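Visitor: Chain A is already provided as a structure; the job is to place chain B on it using the hints.
Number of protein chains: 2
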Amino acid sequence: MRRPLPSVEQFVKGIRASDRVLLGQAITLVESAREDHQVLAREIIAHLLADTPAINTLRIAVTGAPGVGKSTFVEALGMYLVEQGKHPAVLAIDPSSAVSGGSILGDKTRMERLSASEHAFIRPSPAGDSLGGVARKTREAILLVEAAGFDTVIIETVGVGQSEIAAQRMTDLFLLLLLPGAGDELQGIKRGIVEMADLLVVNKADGDRIKLANQARGHYLNATHLLPVKPSGWQPRVMVCSALENSGITDLWDAISAFQNDLLANGFFAENRRQQARYWLEDSIEAGLKTMFYNHPAVKEKLAEVEAAVLAGQMSPTDAAARLLGVVNWGS
Amino acid sequence: MRRPLPSVEQFVKGIRASDRVLLGQAITLVESAREDHQVLAREIIAHLLADTPAINTLRIAVTGAPGVGKSTFVEALGMYLVEQGKHPAVLAIDPSSAVSGGSILGDKTRMERLSASEHAFIRPSPAGDSLGGVARKTREAILLVEAAGFDTVIIETVGVGQSEIAAQRMTDLFLLLLLPGAGDELQGIKRGIVEMADLLVVNKADGDRIKLANQARGHYLNATHLLPVKPSGWQPRVMVCSALENSGITDLWDAISAFQNDLLANGFFAENRRQQARYWLEDSIEAGLKTMFYNHPAVKEKLAEVEAAVLAGQMSPTDAAARLLGVVNWGS
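Sequences listed follow chains A and B, in order. Heads up, the numbering used here is the position in the first sequence plus 3, with the first residue counted as 1. Heads up, the numbering used here is the position in the second sequence plus 3, with the first residue counted as 1.
Just chain A, with the same shape it has in the complex (with noise of 0.2 Å):
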């Protein structure tokens, strides 16, 4: 027999006190797909939101091509966070780690050092068929782990497709990994990319590859100096660093609270994240009616049809749709 599930004041009291299992076990069942699960889950945040102060906490997107070195750099920063009296939390987004099976953190080996750490929590990638999916869990897990009392959270992801682009809407600072001497377009950065990033990051400045950081770091510095200002106001900084010999993390984590600083100050820090809850409300509305919808008996008897009469072009997509949504009894 299965043990039954902690009721949400069990999960409450637990997160609050930091507790791993059960702020472990909440995480899941934001993930899960079961509905009385996401009930729960709900629940459970609704709680916690009420008293959580995130503002003081710090979200932090990492990202960067295949072998520029994101466990190592996480790692790094993490073990640095740890030694300063910090509470990390790594999670990614991952939308890949459901067809290929390998999530970019589902490795914990990876980030020993962090894992082992009583002040760092790791959380690898939910799995999930839609980055849309797959964001939403995360962003939901960003809340869990605030309420647990963890106050910086990297958010790593692969650094190759649309999975920036949520990552950045749920974070603060958007951090970009580089490789030393080898161009954005060998390195398999996205165009827009380089434009979203707050800091940009030369890792495996080491050895004979110092020369050739400090010029990818010239090269990027240029690059960055053409770009529009930002909206809020923080001019990029490019910096080099070594998380292999844990160099150039200091410095690093000084221009992350610069960053932070001035965001607060100038109030764009609080702004950001009304605007990002705007989105993210807007977009779980939408993935909701979606549901709803496709899931309505009187959609999935004429569904179809419809679609049948449209894709043989006898039936244009607009007039489908008014068909089909007019069959949804709203009440109103």
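Because the hints were derived from the structure by calculation, they are not lab data. Be aware that a few hints might be false.
The calculated DSS-like cross-link candidates involving lysine-lysine, where the alpha carbons are at most 30 Å apart (straight line), are [claimed, not checked]:
1. B:293 <-> B:305
2. A:305 <-> A:293
3. A:303 <-> B:293
4. B:16 <-> B:89
5. A:293 <-> B:303
6. A:89 <-> A:233
7. B:233 <-> B:89
8. B:233 <-> A:305
9. A:303 <-> B:303
10. A:293 <-> B:305
11. A:89 <-> A:16
12. A:293 <-> A:303
13. B:293 <-> B:303
14. A:293 <-> B:293
It should be emphasised that the depicted structure is a prediction, and the values quoted were computed from it without experimental measurement.
Guide: Below, chain B alone, put in the same frame as chain A:
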């Protein structure tokens, strides 16, 4: 006193008889924000689709950066088609026209000869506050002009944004116009647009620019050979032309015909139209669901309060969406 609108029967009969005044009025109904106009437009299209063999038409997207000579090119191609006994219609997707007031086809005098032809039809981009809305209107306009007997529909876009993707989703062939002697970065062409093209046409291959145009052709020929094979199996062709001197248009039309014949033969032409119809059905449903939801009295009443709680960080977007969706009384 304003004259009453023609009846559905009058519209249907008139459009089938290629009455341009009634065709133009029907497109105006499609573009109207008024609900009664939209209902009438849907009825007209429903009647027309019952016996319009849409597969016998060809829909061509034409895009390229500002300054590439799109209007001159479209006029040259359109006039060539008229000479071949065809009936071209030119529509546009330009969401910026609503903002700037200057539509890409707004000034019909730029296509003076084609405008004057009794075998052609030109319609500027509809105004609209969103790309989605403008795209849906253009898509309905395609159905109307085809029902009126126009067999080759050219969709012009501005070439610098998301409107190319919308144009690709409603056309059979994607044609990208290029300038001689400038890389695609300099031309302001977004990454991904070159990959979308079935035909790349270097325009302005005249006078001193013939050599540059041929160099550009070689450059793009190399680029297209590096791209993955398209789902249609079609190998993109790169051509040169001068719309101004009317050279290269015959070769271009031969390539367009080869494209159409190949894809009709391998079944991709019909399959692509079915996929597009499915996409537009989903898009129309999504747009309709949102309109119904945000206009629902109970949602209107609750939205401000719930949104404020979300923006203040006191309610999760997922929870807020669930609450708002809960007030909609779906019959089931």
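Visitor: Decide, hint by hint, whether the structure agrees.
Guide: Evaluated hints:
1. B:293 <-> B:305: 16 Å, holds
2. A:305 <-> A:293: 16 Å, holds
3. A:303 <-> B:293: 19 Å, holds
4. B:16 <-> B:89: 22 Å, holds
5. A:293 <-> B:303: 19 Å, holds
6. A:89 <-> A:233: 28 Å, holds
7. B:233 <-> B:89: 28 Å, holds
8. B:233 <-> A:305: 34 Å, violated
9. A:303 <-> B:303: 28 Å, holds
10. A:293 <-> B:305: With a Cα-Cα distance of about 20 Å, the restraint between residue 293 of chain A and residue 305 of chain B holds, given a limit of 30 Å.
11. A:89 <-> A:16: 22 Å, holds
12. A:293 <-> A:303: Distance ~12 Å between residue 293 of chain A and residue 303 of chain A Cα, so the pair holds.
13. B:293 <-> B:303: Holds, because 12 Å separates the two Cα atoms, which is no more than 30 Å.
14. A:293 <-> B:293: Within the cut-off at roughly 10 Å; holds.
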